[in-house]
Amino acid sequence: MKTLINFENVSRWYGEVIALNDISINIPPGVTGLLGPNGAGKSTFLNLVTGRLNPSKGKVTVLGENPRNNFKLARFYGFVPEQDAYYEKLSGLDFMTYMAQLHGFERKAAKRASMEILERHNLLTHMNKPVAAYSKGMRQRIKLAQALIHDPEILYLDEPMNGMDPIGRNETIDLVKKLSSAGKTIIVSSHILHEVEAMTQQIILMHNGKILAEGIVQEIRGLIDEYPHNVIIHTDRAREMASQLLNYDDVIDINIEDKQNRLKVQSKEPEKFYQNLVATIVENGYNVTYIDSPDDNLQSVFKYLVK
Amino acid sequence: MPIFEQTYRKWEGTLKTTGIRWLPITKMGIKQTFKKKRFLLFFIGCQIPFLVFAIRLIIGALVPENIENAPEFLKITPSFFAHFLWIQSSFIFIMTIWSGANLINGDYQSNALQLYLSKPLTQLDYILGKLSIVAFFNLTITVVPAILLFILRALIKYENSWFVQNLWVIPAILGLSLAISVIHSLFILCLSAITTNSRFSTIAYFIILFFTDGIADLLHSLRRVHSLLNISISNDLFSLFQIFFGKHAAKIPGYSEKMADPYYGAAILIVLCVLCYFVIKRRVGRIEVIQ
Numbered sequence: 026m027k028t029l030i031n032f033e034n035v036s037r038w039y040g041e042v043i044a045l046n047d048i049s050i051n052i053p054p055g056v057t058g059l060l061g062p063n064g065a066g067k068s069t070f071l072n073l074v075t076g077r078l079n080p081s082k083g084k085v086t087v088l089g090e091n092p093r094n095n096f097k098l099a100r101f102y103g104f105v106p107e108q109d110a111y112y113e114k115l116s117g118l119d120f121m122t123y124m125a126q127l128h129g130f131e132r133k134a135a136k137r138a139s140m141e142i143l144e145r146h147n148l149l150t151h152m153n154k155p156v157a158a159y160s161k162g163m164r165q166r167i168k169l170a171q172a173l174i175h176d177p178e179i180l181y182l183d184e185p186m187n188g189m190d191p192i193g194r195n196e197t198i199d200l201v202k203k204l205s206s207a208g209k210t211i212i213v214s215s216h217i218l219h220e221v222e223a224m225t226q227q228i229i230l231m232h233n234g235k236i237l238a239e240g241i242v243q244e245i246r247g248l249i250d251e252y253p254h255n256v257i258i259h260t261d262r263a264r265e266m267a268s269q270l271l272n273y274d275d276v277i278d279i280n281i282e283d284k285q286n287r288l289k290v291q292s293k294e295p296e297k298f299y300q301n302l303v304a305t306i307v308e309n310g311y312n313v314t315y316i317d318s319p320d321d322n323l324q325s326v327f328k329y330l331v332k
Numbered sequence: 053m054p055i056f057e058q059t060y061r062k063w064e065g066t067l068k069t070t071g072i073r074w075l076p077i078t079k080m081g082i083k084q085t086f087k088k089k090r091f092l093l094f095f096i097g098c099q100i101p102f103l104v105f106a107i108r109l110i111i112g113a114l115v116p117e118n119i120e121n122a123p124e125f126l127k128i129t130p131s132f133f134a135h136f137l138w139i140q141s142s143f144i145f146i147m148t149i150w151s152g153a154n155l156i157n158g159d160y161q162s163n164a165l166q167l168y169l170s171k172p173l174t175q176l177d178y179i180l181g182k183l184s185i186v187a188f189f190n191l192t193i194t195v196v197p198a199i200l201l202f203i204l205r206a207l208i209k210y211e212n213s214w215f216v217q218n219l220w221v222i223p224a225i226l227g228l229s230l231a232i233s234v235i236h237s238l239f240i241l242c243l244s245a246i247t248t249n250s251r252f253s254t255i256a257y258f259i260i261l262f263f264t265d266g267i268a269d270l271l272h273s274l275r276r277v278h279s280l281l282n283i284s285i286s287n288d289l290f291s292l293f294q295i296f297f298g299k300h301a302a303k304i305p306g307y308s309e310k311m312a313d314p315y316y317g318a319a320i321l322i323v324l325c326v327l328c329y330f331v332i333k334r335r336v337g338r339i340e341v342i343q
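Chains as they are written, first to last, in the numbering used here: chain E, 26 to 332; chain U, 53 to 343.
Check the hints yourself; a few may be wrong.
Said to hold, decoys possible - Result set (DSSO-like, lysine-lysine): computed pairs, CA atoms no more than 27 Å apart in a straight line: (1) U/88 - E/133; (2) U/83 - E/154; (3) E/154 - E/133; (4) U/87 - E/136; (5) E/133 - U/83; (6) E/114 - U/83; (7) U/333 - E/97; (8) E/97 - U/79; (9) E/154 - U/79; (10) E/114 - U/88.
The hints are simulated quantities; they were obtained by calculation from the structure and are not laboratory data.
Quantities reported herein were computed from a predicted structural model and do not represent experimental measurements.
Input sequences plus hints: build the corresponding full structure.
Given below as structure tokens:
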């Protein structure tokens, strides 16, 4: 099998902190999920493959080249950072045009490519609005669009679904699948197993800078199902939503914090839960401002694996 | 409908880059800075000395040469152009702050740095792109009007001897403006790279320039050692006038008080510029560590 990204005994430390510890791995084409809790070394991994960092020890190659200070390699990959990263005052179109120009597009070509990609990401009608006025989902989509504008071969996604609503999550999952079908190689980092699982079966499980497991999604799935999946929801009518969610079989427990209109739901079947959640929101017209899944259930699996 | 093979498609072209990679950064920075209305007013205000000098030049050119005891300020000598740049150098100070104080820390705040560095740009491209924004504004109030004044003098009253005799003024204007602009730009970028917002970088810029000025004046008045004037960064910048305009710099009104040793001054500025560049490079390449 062809290898696109190769790590050979790679370690990276920052002072006394070891972020990656003697990692050797070959990443083939297709979608690969980089799964691990915060601090596992996922971001360091992505910084190494994008050339922002040099390994303290070992060798990293991407498409057969050393990515460090290799600006030419950036033409072959797109990077979607975890944090919001844009100039808020720019309109969506101006932001995208600028990103395209940084890739070497001439102004007219940059504008044309920007409009095409904005259309593909359902942002064309909002292209003249400043990015500051975009919703969380729109911001995520434009962040993804900027990484795809030059039609890269490899796409790095750092926690792409953080803070996204269920519809946005589904859209992103669909897009990753489409890109994968189009022959792109995608590395997606996440701390939520079921999100990664929806995109790929090929998983690298990271913890404390080490690779615990590779390509064993079913096995991980089995382990994680033993632990309840936590979802935090901020909504205008927390109590009412809680009573409706309790009707579903997969929901084990719900904690309500009235003052913040915040629900913490525990479900044993996250896939099913998210489907039911979308239906509940749409049918009852809840105003949901925030959905997140903390990684404490994944932590339990890691604790189990490292025993 | 196209059917794609679900595998990696090898790029068959050659890896090559075209054009100046950092130019879009500069263009965007200039465009965004010009969108600030107050900045635009200031920018227009910076051209007022040009109008005053142009009027002075026209009057000077029209005064018959055979008039004895014509006022000194009506004579269009190389010190006329040096004087113009001397006045503009005080505007450069504010221009630099306005156009450069938030260039890098603004990117920290908006997390834009990681986007830049995931594009086909080196850290040097990024720094050059940002540096050129400040340098552009500084040059538009120095080199552009100064060269226009020179052309205006040549057009109003063309004298071959004056033109040939003073042709060296053009490279002097270019060299001095470029040196001052780049030095100011590097200073502010460095401060922008080590601070978290534009207010801090502005304050730091003020403190460094005025503090070193005060220390230099104090020590010079106590010890009367000429080279102590070089402690002041402003004096070092002013000393560049002597390098580019030679003895004509001394005719600039008020210049003698600031006349530090030009070669010490240039050496200090070169060291500071190299230091600033490495600080910027280090800060731009820095990665946040989540433990």
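Hint check results:
1. U/88 - E/133: This hinted pair holds, its Cα atoms lying about 25 Å apart.
2. U/83 - E/154: holds (18 Å)
3. E/154 - E/133: holds (20 Å)
4. U/87 - E/136: holds (20 Å)
5. E/133 - U/83: holds (17 Å)
6. E/114 - U/83: holds (12 Å)
7. U/333 - E/97: holds (19 Å)
8. E/97 - U/79: holds (22 Å)
9. E/154 - U/79: holds (21 Å)
10. E/114 - U/88: Holds: residue 114 of chain E and residue 88 of chain U sit about 12 Å apart, inside 27 Å.
Every hint, counting from the list given before, is met by this structure.
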